[in-house]
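In the order they appear, the protein sequences are chains A and B. Numbered according to our numbering, the first sequence spans residues 147 to 604. Numbered according to our numbering, the second sequence spans residues 178 to 458.
It should be emphasised that the hints constitute simulated quantities derived from the structure, not laboratory data. Treat the numbers as computed from the prediction; the structure is a model and nothing was measured. Among the hints, a few may not be true.
Derived CB-CB ranges, DEER-like [what the hints assert, rightly or not]:
1. A/GLU550 <-> B/THR222: 33 to 41 Å
2. A/GLY252 <-> B/GLY240: 28 to 36 Å
3. B/ASP314 <-> A/ASN581: 32 to 40 Å
Cβ atoms here follow ideal geometry from the backbone N, Cα and C, with glycine treated the same way.
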Amino acid sequence: MIGRRGLLVAATLFVLLLPRDATSFPIDGDQAVLPAGTELNEDARDVPREILHSEYRGDRTSYLVGLGDLAFNSPAILGDVARRANISCGTCHVNGASNAKLFVPGMSTRPGNFDTTGPLFNPKADNHVLDPIRIPSLRGARYLAPYGHDGRMASLRDFVRNVVVNEFAGPEPSTATLDALVAYIQEIDFLPNQKLGARGRLNESANEAERRGEALFSKPFPHDPNLSCAVCHQPAGAFVDHQQHDVGSNGLFKTPTLLNANFNAPYFHDGRYDDFGQVVDHFDRAFGLVLSAQDRADLIAYLRAVGDGRQPYDRDSVSVRFKEISTFSLLLAQAIGMRDREAIELAVDTLGGELRDLAEWFPDHRNPAVTGALTERRLARAALKDVVISLRRIAIAVAAGDFEAANIEYRTYYDLTFSRAMPLLRGTEPWSLFNPALREAHDAQRRQMLRTPAQAQR
Amino acid sequence: MNAVEKRISGRNGAVGAHLPYARSWRAAMLGVIAATALAGNAGATPLEASAESYRRYLMEDIGQSLKGTRALRERLVVADLDGAKRAWIEARVGWERSEVFTSGFVPELDEQIDAWPNASHGFHGIEVELFGANRTDVGEETDALIAHLADLHAQIENIPLAPQRLLNGVARLAFEVGGNKADGGESRLSGTSLNDMQSNVDGIELAYRVIFSDAIEASDPQLAGAAHTTIERMKATVRISDLRSLDSEKLRADSEELVALLQSAAPKIGLSKPTLEEGSQ
């Protein structure tokens, strides 16, 4: 926000500094699109692992799912503010999971929640109350209808459209885009959990505490024998009952799944609880469960066993980045073959943005935090930039209706990406910001640089 | 008439100031080429002669930056915070316009002068204290900056200006201007990232017109027209008052299109495809 003082100074500057095209600017202004203090957690070193159902079965991902993945990660399908802030669906739902660290001042009350009816992205949908809700993981979404924290929408398609059009002020998505988004979201699997067997029961690998917890989970509540944890969180049904309930958290909310919940904090519809301990204490209070310390510990152990998942995170690396680049590249090739202009544009936009971002992980001579292998870093950067320009050539050819030229350029793009850029990046990775030590030095100095005047004077 | 046109057609907007760009520009160029030839560089190719004629603008821009930095030093001495901020902003203009040259030709000085994003020295090191902390005790850093800019100014007088390296510089900067500025950009603390971008685009236009425009026009008028139009679009896109209203997708597309055009133009004017990172060829 530009303060009044900023505007005043800007006005003065306007008069004083006119050697060239005149535009005013705030002297102390913060010109970022999102409010100062925003944390999108985009620099996280560990990124949630995504398993698509087709990949899990060993099949090739369909064009529709690939296109949905692309749209999901493209700011272009959302509205003006989101686009300018470079925000896509994937910003909050990183690789289809959640984003526990995301925090936007004025839109969040704690990391991991976000007000979808706030003023920032679509003033028309602003309800003038700061009522953020937890950013949910989309793993297993196809099993988890109805949609929304209070289950307000029966159809995932309606829900997704509402997010795009009303929450983020995007243009009405085309039928193709909406179909693709829904197809992609329905492909996002739960991470496999080796502790669970048939009907959501713990298998033989479970320990004593977890087994005691499992028994407690199905034990009738003392004051209401018709109820138990398992009545709503049905183990054989992805730990949900597709219903809304009042569990003493100020309203009716949909039963959330407990699968992979270890990685879905914070908990409850508004993200009020940090961990399973607080969640168990809430039910203990709300339903008069009179849990002993042992009961509490056993229930937590059980929740942790149910909420587990194999290899929940990947360490961000050149390989991880190229996995996505490779998925989107395949989609681009198919889109050129099908002359699908909308998909080609989306691919050029999203891939180009990601490749540009990747180049910044290989700093040039201006970054004093990174030393060594400067020539190699430059080669890596140059190679990535050439890839970006090759993508642009594809877009230019397609805009001119020349799909043959686009096809020929795609071969150049493919070679530049996988035969030139990828090996260069892999070889230079130890001197890039993917190296944790370099990254730490870089981050520390960057934080120092970006502190606000108030922070600096403290 | 924009800043570059003003500079090219004479400080006082004399002859040619109101002619369409191409004509005024050619008139000026003919003069420059003639002057260069008379100065004894008759053996140079026309492109080398144009590259040589860019030196004057470079000297002027770095001179402007040096002057601004000295003004900053004076403001610091009397602890005039707002005056110092104004001087810092003014000193950036010529510097950012010269980025076509600085990043590739003098990378060590570039690091000393414009280290980013982890700067404790140079423009951004000073920016951190001046704008980030409202402090004026950056005399030492400013003295160092003055020394580096003066060194650069002196070096520019004699440094060989190879057209290939200048083309690399134009293409590299064109690419960079299209980068993501959603986080507030390079000069975030002073809120002048948009000014940086405007100066960058001015610098691209200046170098393109002075050095390459005629040669490309002679070999492929259509390509020259496309490059000119793309630069005009970039200028229009950054001609806004607030970075937050920047249409970054459009700018990115144009920046990449300009690079693609320069890549296509290079062999037609006897140069190699420009590298987008100096020192990576």
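Hint check:
no., hint, verdict
1, A/GLU550 <-> B/THR222: 33 to 41 Å, "holds (36 Å)"
2, A/GLY252 <-> B/GLY240: 28 to 36 Å, "violated (45 Å)"
3, B/ASP314 <-> A/ASN581: 32 to 40 Å, "holds (34 Å)"
Violated hints amount to a single one, hint 2; each of the other numbered hints is respected by the structure.
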